[in-house]
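There are 2 protein chains.
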Amino acid sequence: MSEDSRQGPANGPSRRRFLTSAAALGAGSVAAGMARAQTADPLITEIQPWAQAFGEGVDATPYGLPIDFESDVIRRNVPWLTADATSSINFTPIHALDGTITPQGCAFERHHSGAIELRKQDYRLMINGLVDQPLVFTYEDLERFPRENHVYFCECAANTGMEWAGAQLNGAQFTHGMIHNMEYSGIPLRTLLEEAGLGAAGDLEDKWVYVEGADASSNGRSIPMAKALDDVLVAFKANGEALRKEHGYPVRLVVPGWEGNMWVKWLRRIEVTNQAVESREETSKYTDVLEDGTARKWTWVMDAKSVVTSPSPQSPITHGKGPLVITGLAWSGHGAITRVDVSKDGGKTWETARLAKPGEKMALTRFYLDTEWDGEDMLLQSRAMDETGYVQPTKAQLRDVRGLNSIYHNNCIQTWHVKPSGEAENVEVS
Amino acid sequence: MSEDSRQGPANGPSRRRFLTSAAALGAGSVAAGMARAQTADPLITEIQPWAQAFGEGVDATPYGLPIDFESDVIRRNVPWLTADATSSINFTPIHALDGTITPQGCAFERHHSGAIELRKQDYRLMINGLVDQPLVFTYEDLERFPRENHVYFCECAANTGMEWAGAQLNGAQFTHGMIHNMEYSGIPLRTLLEEAGLGAAGDLEDKWVYVEGADASSNGRSIPMAKALDDVLVAFKANGEALRKEHGYPVRLVVPGWEGNMWVKWLRRIEVTNQAVESREETSKYTDVLEDGTARKWTWVMDAKSVVTSPSPQSPITHGKGPLVITGLAWSGHGAITRVDVSKDGGKTWETARLAKPGEKMALTRFYLDTEWDGEDMLLQSRAMDETGYVQPTKAQLRDVRGLNSIYHNNCIQTWHVKPSGEAENVEVS
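If you read the sequences in order, they're chains A and B. Under full-length UniProt numbering, residues 1 to 430 are what the first sequence spells out, in order. Under full-length UniProt numbering, residues 1 to 430 are what the second sequence spells out, in order.
If we strip away everything but chain A, and leave its shape as in the complex, we get (with noise of 0.2 angstroms):
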């Protein structure tokens, strides 16, 4: 077998006898100073309970959820963040994940009046307004359309909005946890605006989509006629089955890049029209106000940001100095992710980390670094760069244009405290 056959594209560091703490068996063993007395472990030198006995039968769970010792990785609320129940958010454990893809269990919520039930039989989809012809589909003719299949990532305007007034929130779930990236199958917008025909609208340029929701916020928002005809979905399933009822079952929009508002649940209705509506979503919420009092609109687009997952408040270092991966996660709204780097000080000096794979638009990219633990502080930030050039800002450069009066769209760099005890805490540098 030559050497080329047995060397992976990402293998390099594994090529190397690195991980001293893996304990070994003989003689000779490299892991002879460890404390840890590997031979005389029962769990490998005894037959275990779990060995002797029959596990689980297939009836157990038609459908299963997870193993109870994970029963820690939940979306979680903070309670005092909104005013009620039905209105507030919860986030996704992202500290406790690997890989891109949310499993819908665990993808966070945010709804503007609570998630609604209703039945596919119920479900009416109107287009209307400066159409040749206004339509009605039922989701069984919805279901007739050609569909396509993408992956996207949805983010929370609001994601990482506590942060602007400094370091609040102690977890990557908490700060950055308003985020989560499916496989969706849906039928392009495009397909079923052209089903109902835009002659009626003329010049195409300066036209909108009003889109909203069959539930009682019916959170309307108005879309720019050219993203809705470039890659907006009108989709019904999300990693493969149906949406679940807190993501808008059974159809919702998928806005690519765009804010996760815009990604309206519970689809009801598409209005072609004139202008923008000017809705409570789009005026009062969903704008940032400036240092001088005027706000910043139609802020739709999230642009590049990043975050260290691992190790992070909710997930230290338990096993002492030595090999660490270090790992995270970054997007764009604006394409793909090209570069992430990490530093371990403060932002003094920078490594380029691992992308798991080649960034995909608008999706979730998994970066890692490989790297040695001294056991000493660190200061962790990531750092990410997109297809257009733009790379994610530091706090300061982010306050210094936009003030602290901002909610939304806070994409700057986020720092993690490591300690010599491996606990991590949420902090600021200068």
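I should point out that these hints are in silico values taken from the structure, not numbers from a laboratory. Source: prediction; values computed, not measured. Be aware that one or more of the hints could be misleading.
Identical copies go unnamed one by one, so any copy, or any two together, can satisfy a pair.
Derived DMTMM-like pairs: lysine to aspartate or glutamate, alpha-carbon spacing no greater than 20 angstroms straight-line [claimed, not checked]:
hint, residue 1, residue 2
1, Lys361, Asp122
2, Lys395, Glu425
3, Lys357, Glu291
4, Lys419, Asp72
5, Lys120, Asp41
6, Lys120, Asp400
7, Lys348, Glu428
8, Lys120, Asp72
9, Lys120, Glu46
10, Lys120, Glu56
11, Lys357, Asp230
12, Lys321, Glu140
13, Lys357, Asp231
14, Lys395, Glu117
15, Lys227, Asp370
16, Lys321, Glu425
17, Lys120, Asp68
18, Lys395, Glu360
19, Lys227, Asp345
20, Lys285, Asp345
21, Lys419, Glu46
22, Lys348, Glu46
23, Lys321, Glu143
24, Lys395, Asp288
25, Lys297, Glu425
Take the given structure of chain A and dock chain B to it, following the hints.
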């Protein structure tokens, strides 16, 4: 806006107004002849209860499950197929899924002695045999090695096994549902073998690894060293989160493209050996008895295969004639799917389907045929081709070579008889 910017890559058929069943609201309606008078549909004209009250808050499901309306989309078993509950099989509801990712909660299970509960702190992985230094890893040790992320299908060798004798099981879930497709995060097995050191093994060309699980069956299998050093993963996450109990929590082997029983769950030990062990699972089981009584052995790779998932017996056509989306899955253990053809007349004529994305190596590929149904009988088939040029065989071709004694490795073309009523049935065509 130019025509170009309005036209997506897979959007050919959608640019004509083809869905005459979508009901129109105005005069001159495209749906003038339709029975449904949508203009008086109270689901459009009246405010519905779900738009008048708050829905469920974000505290409701810290780890969510599918909505009750989807309670039939679950793993199902066929009680008469296997001897007892602990060694039996259930099937992924592929007839109801779209896209390519399989959620863990409905991904098929096959256990040899039931699913065991093994805590991370009780987990040990031994590497021994012809290595320079036998090693035992804890779960925490494994977390310190460089990781990779890959999406792979896992198919049981017995998938479609009951169809050797005839058309027996009436549903894609039961004929083809011993398959799932997930994004794994794990360590290349190569990395761990090199950590133990392969100098002691000498020439690696003829060496093997023997892998076994911590459950009572141990389910030991021999894997040639070339595969072990190529793309095998020691995985601890699937679709981002911890493996479920039934999928081998906390650690399983991922053996891309090879039969599912080699993907050892609750992975306990990897021994480097001079020769194959010839275990029960690779002699009396998982070999293919031919017509003359001799057996094919070492039939590890799952050949190219496909199936139409909808319409199918569990997913009939309910909307009558007109636009119809025919969809299904294709995969190959030899690499990427390059093309899928669909026949409506039992293999006499074929149309090339649209692949939702270019095929990826050893991963499920979703195909669509966006077509019109004339309301007449169809004998629906799909035929996959992979990057090696291999073409999925007919049942007759496969039986000519392999006889009727086999259980495993049935990758023949499947036929669904779709009737004028829209119902579908598992049939054979000569």
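_At most 20 angstroms between alpha carbons: which applies to Lys395 and Glu425, within, between, both or neither?_
within (17 angstroms within a copy, 61 angstroms between copies)
*With identical chains treated as interchangeable, where does the CA-CA distance between Lys361 and Asp122 reach 20 angstroms or less: within a copy, between copies, both, or neither?*
Neither: 34 angstroms inside a chain and 41 angstroms across chains, both beyond 20 angstroms.
*With identical chains treated as interchangeable, where does the CA-CA distance between Lys120 and Asp400 reach 20 angstroms or less: within a copy, between copies, both, or neither?*
Answer is neither: 49 angstroms inside a copy and 46 angstroms across each miss the 20 angstroms cutoff.
*Under a CA distance limit of 20 angstroms, which applies to Lys321 and Glu140: within one copy, between copies, both, or neither?*
between (58 angstroms within a copy, 13 angstroms between copies)
*Lys321 and Glu143: within-copy, between-copy, both or neither at 20 angstroms Cα*: Result: close only across copies, 13 angstroms inter versus 54 angstroms intra.
*Check Lys120 against Asp41 for me: Cα-Cα at most 20 angstroms, and say if that holds within a copy, between copies, both or neither.*
Between copies only: 15 angstroms across, 56 angstroms inside.
*Is it within, between, both or neither when you check Lys348 against Glu428 at 20 angstroms Cα-Cα?*
within (14 angstroms within a copy, 69 angstroms between copies)
_Intra/inter-copy verdict for Lys395 and Glu360 if alpha-carbon distance must be at most 20 angstroms_ = neither (26 angstroms within a copy, 39 angstroms between copies)
_Within, between, both or neither: Lys297, Glu425 at alpha-carbon 20 angstroms_ = neither (34 angstroms within a copy, 56 angstroms between copies)
*Within a copy, between copies, both or neither: where do Lys321 and Glu425 come within 20 angstroms Cα-Cα?*
within (18 angstroms within a copy, 61 angstroms between copies)
*Give the relationship of Lys395 and Asp288 under a CA distance limit of 20 angstroms: within one copy only, between copies only, both, or neither.*
Answer is within; shortest intra-copy Cα gap is 16 angstroms, inter-copy 63 angstroms.
_Within, between, both or neither: how does the pair Lys120, Glu46 come out at a Cα-Cα threshold of 20 angstroms?_
between (54 angstroms within a copy, 17 angstroms between copies)
The structure is inconsistent with the numbered hints 1, 3, 4, 6, 14, 15, 18, 19, 20, 21, 22, 25, although it conforms to all the rest.
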